[in-house]
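J.: So you can see what is in the structure, the chains are spelled out below.
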Amino acid sequence: MKKILPLIFTALAVIFAGCAKEHHEAVIVAGSTSVQPYAEVLAEAFAHIRPDILVDIQGGGSSAGIMAVDTSVADIGMSSRLLKDSEKWMWHVEFARDGLAIILHPDNPVENFTIEQLRGIYAAEITNWKDLGGKDARIHVITREEGSGTRAAFEELVMDGKFITPRAIVQASNGAVRQLVSNDKNSIGFISLGLVDRTVKAASLGGVAASRENITDESYSLYRPFLFITNGAPEGDAKIFIDFALSPEGQRILSLEGLVEGMNP
Amino acid sequence: MSKYVFFILALSSISALALITIFIISRGAPIIGEVGFFDFVFGMTWAPGRGEYGIFPMIVGSVTVTLGAAALGVPIGICCSIFMTEFAPAALRNFFRPAIQLLAGIPSVVYGFWGLIFIVPLIREYLGGPGLSILAGAVILAIMILPTVISITEVSILALPPEYKAGAMALGLNHWQAIKTVLLPAAKSGIVAAVILGIGRAIGETMAVIMVLGNAVALPQSILDPVRTLTTNIGIEMGYASGTQSQALFATGIVLFAVIMLLNAAAQFITRKK
Amino acid sequence: MGLNAKNKKARSKERAAKILIWSAAVSVMAVLFFIVVYILVKGLPVVSIGFLTEIPSNMGRSGGISSTIVGTVLITLVAVAIAAPFGIGTAFYLAEYTRESIVTRIIRFCAESLAGIPSIVYGLFGFIFFVIYLGFGYSVLSGGLTLAFMILPTIIRTSEEAIKTVPNIYREVSMSLGASKWQTIYKVVFPSALRGIANGIVLSIGRSIAETAAVIYTAGSVLRMPSSMFSSSRTMAVHFFILASEGISMENAFGTAALLVILIFFINVVVNMLVNRFIAKGR
Chain A
1 MKKILPLIFT
11 ALAVIFAGCA
21 KEHHEAVIVA
31 GSTSVQPYAE
41 VLAEAFAHIR
51 PDILVDIQGG
61 GSSAGIMAVD
71 TSVADIGMSS
81 RLLKDSEKWM
91 WHVEFARDGL
101 AIILHPDNPV
111 ENFTIEQLRG
121 IYAAEITNWK
131 DLGGKDARIH
141 VITREEGSGT
151 RAAFEELVMD
161 GKFITPRAIV
171 QASNGAVRQL
181 VSNDKNSIGF
191 ISLGLVDRTV
201 KAASLGGVAA
211 SRENITDESY
221 SLYRPFLFIT
231 NGAPEGDAKI
241 FIDFALSPEG
251 QRILSLEGLV
261 EGMNP
Chain B
1 MSKYVFFILA
11 LSSISALALI
21 TIFIISRGAP
31 IIGEVGFFDF
41 VFGMTWAPGR
51 GEYGIFPMIV
61 GSVTVTLGAA
71 ALGVPIGICC
81 SIFMTEFAPA
91 ALRNFFRPAI
101 QLLAGIPSVV
111 YGFWGLIFIV
121 PLIREYLGGP
131 GLSILAGAVI
141 LAIMILPTVI
151 SITEVSILAL
161 PPEYKAGAMA
171 LGLNHWQAIK
181 TVLLPAAKSG
191 IVAAVILGIG
201 RAIGETMAVI
211 MVLGNAVALP
221 QSILDPVRTL
231 TTNIGIEMGY
241 ASGTQSQALF
251 ATGIVLFAVI
261 MLLNAAAQFI
271 TRKK
Chain C
1 MGLNAKNKKA
11 RSKERAAKIL
21 IWSAAVSVMA
31 VLFFIVVYIL
41 VKGLPVVSIG
51 FLTEIPSNMG
61 RSGGISSTIV
71 GTVLITLVAV
81 AIAAPFGIGT
91 AFYLAEYTRE
101 SIVTRIIRFC
111 AESLAGIPSI
121 VYGLFGFIFF
131 VIYLGFGYSV
141 LSGGLTLAFM
151 ILPTIIRTSE
161 EAIKTVPNIY
171 REVSMSLGAS
181 KWQTIYKVVF
191 PSALRGIANG
201 IVLSIGRSIA
211 ETAAVIYTAG
221 SVLRMPSSMF
231 SSSRTMAVHF
241 FILASEGISM
251 ENAFGTAALL
261 VILIFFINVV
271 VNMLVNRFIA
281 KGR
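Chains as they are written, first to last, in our numbering: chain A, 1 to 265; chain B, 1 to 274; chain C, 1 to 283.
Because the hints were derived from the structure by calculation, they are not lab data.
A partial selection of chain C residues facing chain A, derived with a Cβ cut-off under 10 Å: (1) Ile132; (2) Gly137; (3) Gly220; (4) Ser221; (5) Ser227; (6) Ile242; (7) Ser245.
Now the in silico label distances, taken between C-beta atoms and shown as ranges: (8) A:Gly236 with B:Ile8: 37 to 47 Å; (9) C:Cys110 with B:Ala47: 28 to 38 Å; (10) B:Gly33 with A:Trp89: 26 to 36 Å; (11) B:Arg50 with A:Ile115: 19 to 29 Å; (12) A:Trp89 with B:Ala47: 17 to 27 Å; (13) B:Leu171 with C:Arg99: 43 to 53 Å; (14) B:Tyr164 with C:Lys164: 22 to 32 Å; (15) C:Lys9 with A:Lys135: 44 to 54 Å; (16) A:Glu44 with C:Phe34: 30 to 40 Å; (17) C:Lys8 with B:Leu92: 23 to 33 Å; (18) C:Ser23 with B:Ser242: 44 to 54 Å.
Below, computed lysine-lysine pairings styled on BS3-like, alpha-carbon distance capped at 30 Å: (19) B:Lys180 with C:Lys13; (20) C:Lys18 with B:Lys165; (21) B:Lys180 with C:Lys6; (22) C:Lys6 with B:Lys188; (23) A:Lys185 with A:Lys135.
Ideal Cβ positions, reconstructed from N, Cα and C, are used throughout, including at glycine.
Could you put the whole structure together from the sequences, leaning on the hints where they help?
T.: Quick look at the structure:
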């Protein structure tokens, strides 16, 4: 019995000896859930070229990622919206462009919106599908959380100053929004275009379908930048990873995944 | 010498617990001062992006979901306790009790997920609305507080002197009458404590309900409306909150802290008042 | 009402009450079975050797969950390794070295209240304090420390109760035989209270493993196998939450949940049984 206490302390010491390694042995990339799957693909390809550099990807949302970079919790932040004025001091690069898809349940007869209709729906001015040519049913509006880059992009591109109704259902990631819309016939949501799959359908805007081509020629107007952000100019392993994302090989991978070329590369 | 070691351990633990308390209060109090207590607690709009920090819709959310859970879970829980103490044969009792323990151990996210795939679609199909609602949250939480209610009620009933029941039966009451008119009232304080602690558990739950409540920031108008609780508000906004917004979250933490302390004090007061 | 009529009424009431109570019990059992069996039926087929030994890939759609298992073990280990000595020591100090007073009652009330604080509040504290303020970042350390704070009040409370149930006569006999206070504690009181203390620790372990809210913002959600205290890591509960709420892979979600339920069952029931039997025997 007497030996237990010293044993516990030794165990603690051994555990903490593992802390002797320096912090951040990996490059920590955190932020937008829209950017996350693409960052993961990049990281997996990157691991083949530089297996010595570990890259850890985390979600949390654009604002969370920006804050993580600001507080040095993360090395690289991912954002799916433009930086606010208070954030512009941070180094950033637009490494790709992504579309914003308005998604509906595949069985929903409605296929097309005008921007004004979309704004009306999200401001709770239009509340029934029959006003849009659909069934007589209340529209279940789904939005992202406040810190979401996707939401910020949506607000900027669609809402034109109006507020998204507080009665909207809030989900904390693209995947959660998609899952919800795929289950609820009367719902509407917005997610990253690259994440649209067969469980939901993307509506067209003013007759223009949401597709990569229509974003490249800018006929589909809902698109936003994907940014990598660092605290000060990137250096060390973080810089190597970002350079890879911007390299022709990295850009090729991203466009294979459905993204559009960004402005900066 | 050993007293010294134990004293250090105790002092460190108590300092750690004090640290949390002070940290939360110091981070949350300023905003209550800034926004004003009434505007914070009774403000109808939660929109940190626009500088609005009213948590009343979340308070309503927490209260309605919790009361709903209690309304569903307490009667069933009490019935189960009576079952265990009065009606179950010994073999069944030995099976029931670990089963309740297992129920208590299931992670809350599993309950939330189960609610998402079964309860929410049921509500959406047959009662209307998006399914993500106060009702869904109340049903899930009712199941989750059952172990608390059942175990404490069971303990209170078992603690009653056997003479109570024997006396009642001797007076000619049948089994149920004995339970209803003698045992339950005698165990009342324990039952009330069980209910209070069950409510405390329900108020504190986050992950199970974040998946089924819908998390809308507006005041709900029916039990089929999506809603946000004090806890899920913290959960959703925590990752990106900075400055004033994070202060508002800590202030929400203070509110929760105060509520739990009140509930605990009430439960202790009632059980002491024998 | 005649006596016969009264009796009949009372008996039908009794029958109704019996039906009500039995239905309550049966429906609770049914719900429990439904949840557990559904998870196991859907999840166990997914659990294979590969599932247990490979790390997740493609955001969790393929591969296994080995890194989350390791993450869970590490974080729980850190939490218990820190909270247990401090919690048990505090309990001993309160029970053995102090007299019952206003101060001890306040401490006890505070410990009780803190035990009831929602885990999300601990998560918020841990996030701001360990991850950001102390600079530990998303890490096993941040997660473990946060959990340690969370389970500390429970360990103090259950240990103190266990110590208090040790009959005073044991202590008096020990002291009268010439043993010192310290010897009395570790040779007499501690072994007697060990069963209750161990039960409290097992309870806390079960709670830590199931915990999500306090861990997701402190240990993070990285999929890689943690390599040190400062690695960010996902626990099984967090992994399940992300897979399920984002619809990434229902299959793997069920597999993770099945593993979690089995693990918690194992800890709560089996370990408790072993602890009780082993300790009862060892005396």
